[in-house]
Each structure stands twice: as structure tokens, then as C-alpha cells.
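Trainee: Read off the chains here:
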Amino acid sequence: MEEYLKLFVASAITNNFVLTQFLGLCIFFGVSKNLNASVGMGMAVTSVMTLSTLLAWAVYNYILIPLGLQSLMLISFVLLIASFVQLLEMIIKKHAPALYNMWGIYLVLIATNCIVLAVPVTNSELHSDFITSLIRALGSGVGFALAIILMASLREKLQYADVPKCLHGLGISFILAGMLALSFFGFSGMITL
Amino acid sequence: MSTPILILLILTSLGLFFGFILAYSNKKFGIEINPLIHIVEDVLPKGQCGACGYAGCMAYAEAVVTNPDVAPNLCTPGKDPIAKLVAELTGKAAAPMEPQIAQVMCAGTHSKAGKAYEYSGIQDCIAANLLFGGHKSCKHGCLGLGTCVKACPFGAMTMSADGLPIIDPDKCTACNKCVSVCPKQVISLKPLGSRVRVNCNSKDKGAVAKKACSIACIGCSLCMRQCPHGAIKMENNLAVVDAKICETQCSNALCLSKCPTKAIRPFVTGIVPGTESEKSVLAAYLAAGK
Numbered sequence: 010m011e012e013y014l015k016l017f018v019a020s021a022i023t024n025n026f027v028l029t030q031f032l033g034l035c036i037f038f039g040v041s042k043n044l045n046a047s048v049g050m051g052m053a054v055t056s057v058m059t060l061s062t063l064l065a066w067a068v069y070n071y072i073l074i075p076l077g078l079q080s081l082m083l084i085s086f087v088l089l090i091a092s093f094v095q096l097l098e099m100i101i102k103k104h105a106p107a108l109y110n111m112w113g114i115y116l117v118l119i120a121t122n123c124i125v126l127a128v129p130v131t132n133s134e135l136h137s138d139f140i141t142s143l144i145r146a147l148g149s150g151v152g153f154a155l156a157i158i159l160m161a162s163l164r165e166k167l168q169y170a171d172v173p174k175c176l177h178g179l180g181i182s183f184i185l186a187g188m189l190a191l192s193f194f195g196f197s198g199m200i201t202l
Numbered sequence: 081m082s083t084p085i086l087i088l089l090i091l092t093s094l095g096l097f098f099g100f101i102l103a104y105s106n107k108k109f110g111i112e113i114n115p116l117i118h119i120v121e122d123v124l125p126k127g128q129c130g131a132c133g134y135a136g137c138m139a140y141a142e143a144v145v146t147n148p149d150v151a152p153n154l155c156t157p158g159k160d161p162i163a164k165l166v167a168e169l170t171g172k173a174a175a176p177m178e179p180q181i182a183q184v185m186c187a188g189t190h191s192k193a194g195k196a197y198e199y200s201g202i203q204d205c206i207a208a209n210l211l212f213g214g215h216k217s218c219k220h221g222c223l224g225l226g227t228c229v230k231a232c233p234f235g236a237m238t239m240s241a242d243g244l245p246i247i248d249p250d251k252c253t254a255c256n257k258c259v260s261v262c263p264k265q266v267i268s269l270k271p272l273g274s275r276v277r278v279n280c281n282s283k284d285k286g287a288v289a290k291k292a293c294s295i296a297c298i299g300c301s302l303c304m305r306q307c308p309h310g311a312i313k314m315e316n317n318l319a320v321v322d323a324k325i326c327e328t329q330c331s332n333a334l335c336l337s338k339c340p341t342k343a344i345r346p347f348v349t350g351i352v353p354g355t356e357s358e359k360s361v362l363a364a365y366l367a368a369g370k
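Protein sequences appear in the order of chains A and B.
The C-terminal position of the first sequence is numbered 202 in the numbering used here, with every residue numbered one higher than the one before it.
The C-terminal position of the second sequence is numbered 370 in the numbering used here, with every residue numbered one higher than the one before it.
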């Protein structure tokens with residue numbers, strides 16, 4: 010049990026995919042202008058990541074490993090995630106229109122996102138078992154949500170700051186992300202797995 | 081079996097498998113979208129301004145097609161032709177649409193209204209308003225820092241040298257963006273056909289209003305008593321013109337000549353009230369015997 014808790018905290022904070030491994034930066038900068046949108050995005054990424062990691066785990070362990078085709082890992086995961094997101098979009102559209110209105114545009118963005126691919130790849134490379142994969146996916150999702158919500162709150166405050174003209178827009182956001190990453194760097198070494 | 085063939089087989093079967101799942105679920109979960117929604121959306125101007133009260137043109141198109149209670153004439157930027165088209169497409173009764181324009185109900189230029197203090201903070205009306213209600217001596221007037229100018233999605237507003245926004249009547253679509261962003265609520269949408277307007281937003285009593293700004297409406301109600309059609313009413317020490325009565329019944333605009341502070345002016349678009357250019361327009365207006 011303790012191991013799992015450690016893994017969860019490690020993947021959410023100390024090994025945060027966005028701020029320490031610099032993955033998923035396109036949505037991190039694209040959807041962090043507004044706090045509400047970033048909360049929606051964080052939730053969408055967390056759920057898609059968890060579900061697609063489980064599918065990817067099954068594909069890797071029951072199809073690719075028995076056939077000795079680990080080299081096909083990346084391409085089959087890409088295929089899997091893209092089709093899974095499409096499927097999820099259809100199901101949500103049909104059964105939860107309110108959720109679809111909130112998530113609709115973000116779901117499509119997630120289909121081609123590196124952070125969703127990174128978690129199953131990490132799991133496969135470390136040969137994690139089912140529960141470990143699940144916890145890692147959940148932790149990484151929460152970590153992503155945390156990072157994007159922090160970033161959105163900071164950027165909303167930044168609107169009232171007197172930013173030098175040359176840094177307007179993305180420039181100051183990059184500096185902000187750098188500082189956030191620096192502060193997350195303080196967590197490193199707290200948990201060793 | 082050799083590896084390349086195996087790879088080919090696995091990837092093809094995975095792809096086919098996911099493809100079939102998607103095709104099947106598209107049948108099972110797919111939703112029939114009324115094609116009319118897309119046709120209506122194509123008709124709308126796609127400024128995504130939200131003046132209709134919906135999140136965007138797509139949301140309005142969906143609402144107007146699916147909900148029989150949603151009126152077809154809510155798109156103000158589209159004006160009458162679009163309202164007619166939408167009404168025709170959705171089979172609803174086309175209510176005529178009154179063309180509107182945004183108006184700044186303030187004439188307190190730098191020379192007319194004083195300053196309460198020197199403001200040197202963030203050049204934004206919302207920020208300035210947080211500091212004791214702004215740096216103007218009048219607490220109801222335009223702060224002149226151009227928050228509305230920045231908010232205008234159609235580029236219809238410019239800030240004049242006197243510190244009041246000028247609205248270009250050709251570009252203004254009455255989308256309501258500037259109205260909602262103004263911390264002083266000094267901008268409102270007025271029908272283009274109006275004859276006169278009250279260039280003041282001050283709810284202060286006469287003496288206070290007059291002290292703060294030389295062109296303020298002091299709430300003397302002279303104009304109200306002058307108007308034979310009862311188009312002017314007093315609300316909170318401020319004259320309010322009923323545009324409908326004013327537009328349809330008035331022929332001589334008696335109120336204009338009676339106002340002691342000249343706060344009530346002819347409705348002329350695209351200029352700053354109280355300036356020289358307006359004075360010439362006013363002279364011509366009065367000379368024409370209107």
C-alpha cells in the first residue's frame with residue numbers, strides 16, 4: 010500500500026510530467042489562459058490517460074510481448090489512443106451532452122498529445138504490473154491537472170501586471186513556466202522509487 | 081512466421097479491429113445532427129461576439145433551430161437581412177429588427193470634467209475604477225482609459241484626444257461587448273433612429289453634478305416639461321429619453337434649446353459630444369427647424 014502511495018505522489022509531484030519532464034507542453038500553454046478551461050482540460054487528460062493506459066497495458070502484455078514485437082509499442086499505442094479518444098468522444102456526446110459541451114474541443118486535442126503517450130510507454134519500459142500502471146497513470150493525470158491549473162491561475166493574475174512589451178503573450182508565459190518548473194525541482198529527491 | 085509478416089499482420093488487425101469498433105459505435109452512439117443547424121450557422125456572421133446571449137454562432141444556430149421559443153432576430157451584428165434569413169430558414173415569424181448603435185452617455189471631456197486626483201496606475205478603466213471609483217471628478221462619467229476600445233472586436237471604437245471614445249457608426253454592430261466591459265456602465269445601446277440623447281450618466285443631485293462637470297444633466301426636468309409627447313422621464317436625477325416615442329412622434333425637438341447645461345443633444349453618430357464639430361452639426365440641425 011505504501012509503495013502505491015509513494016508512486017502516486019512521485020508521478021504527480023516529484024516526477025511531474027509537465028514541469029520536470031517537459032511533456033504535454035502544447036496543451037499546457039494552449040489551454041492555460043483561463044482557469045475554467047484548464048480545470049476541464051485537466052480532468053479530460055486525467056480520465057483519458059487513465060483509461061488509455063489500461064488498454065495499452067493489455068495490448069502490450071497480451072499481444073506484443075507474447076509475439077516478441079515490443080518494437081511495435083509506439084505505433085500501436087498511437088493507434089490505440091487515437092481510436093480510444095474518438096470512441097470516448099462518441100460515447101460522451103451521446104450519453105452526457107453536458108460533459109461533452111465542457112470537454113468537446115479538448116478531447117480532440119488530447120488524441121495527439123505526447124503526455125498521454127508517455128505514460129503507457131513508461132509503464133511498458135518499466136514492465137509495471139496492472140495496479141502500478143493504473144496508479145502511475147492516475148498520478149500523472151493529477152500532476153498534469155495540478156500544473157495546468159497553477160499555470161492558469163498565474164496567467165490570470167498576470168493580466169493585471171505591467172509586463173514589458175517585448176515579453177507580452179507567450180514570452181512571459183515561458184518565463185513563468187520556467188519558474189514553476191524550478192519550484193517543482195525543489196521536490197526532486199524527496200521520493201526515490 | 082517471419083517478423084515482417086507478423087508485424088504487418090498485427091498492425092493491420094489492430095487497425096481493422098479499432099476501425100470496426102469505431103464504425104460500430106458510430107452506428108450505436110452516433111447522433112443525428114439536424115442539417116439545418118449548419119445551414120443557419122453558415123448564414124450567421126461568425127464574429128463569435130455573443131451579442132445574442134449564446135456562447136457563439138454555433139450555439140445560437142443550435143438554439144434557434146431546436147428551441148421554438150428562441151427568436152430569429154437576436155443576432156445584432158447581422159442586422160435585418162440576417163434576421164430575415166434565419167426566420168425564413170427556421171420557419172419563424174420575422175420580427176423587424178431595430179438597428180442599434182453603442183453610445184457613450186458622457187460628454188465630460190478633459191476640459192469639461194475635472195480630476196479627483198492624478199492617476200498613474202495601469203492604463204485600464206477597470207483598474208482605475210478600483211481606486212476610489214476613478215480619477216474623474218464625476219463618479220459616473222467615462223474614465224477615458226479605453227477599456228472599451230480594447231474590447232471592441234470590430235475595431236469600431238477609437239479614443240479621442242479629449243479622452244472620450246468615438247464610435248464609428250459604420251463599424252459598430254451593437255454587439256454589447258463595450259457595454260458589458262465598462263466599469264461605469266456609461267455605454268448603452270440606442271436605436272439609430274433616435275432624435276436626441278442625454279449625454280450624461282450622473283445620478284448625482286444637480287449642484288453636485290454641475291460642480292463635477294460643466295456639461296452634466298442636473299436633473300432640472302425642464303426638458304421633461306417641454307416635451308409635448310411625454311417622451312422624457314426623470315430617473316435618479318437624470319433625464320431618460322424614450323427612443324420609440326421620440327423617434328415616431330417628435331417633430332421639433334423643443335427639449336434641445338431648453339437644456340441649461342446642453343446635456344441633451346441631437347443624436348449624431350461618430351463624433352464627440354460637446355466639441356466644435358458637434359456645434360456646427362447642432363446649428364444646422366436647429367436651423368432646419370427640426
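None of these hints come from the bench; they were simulated from the model.
Do not take every clue at face value.
Straight-line alpha carbon distances no greater than 16 angstroms define the calculated EDC-like cross-link-like pairs of lysine to aspartate or glutamate that follow [said to hold, decoys possible]:
hint	chain 1	residue 1	chain 2	residue 2
1	A	LYS103	B	GLU112
2	B	LYS159	B	GLU178
3	B	LYS164	B	ASP204
4	A	LYS102	B	GLU112
5	B	LYS108	A	GLU98
6	B	LYS107	A	GLU165
7	A	LYS166	B	ASP204
From a predicted model like this one, the values you see are computed outputs, not experimental measurements.
Trainee: So, against the hints stated earlier in the document, which numbers end up violated here?
Mentor: 3, 6
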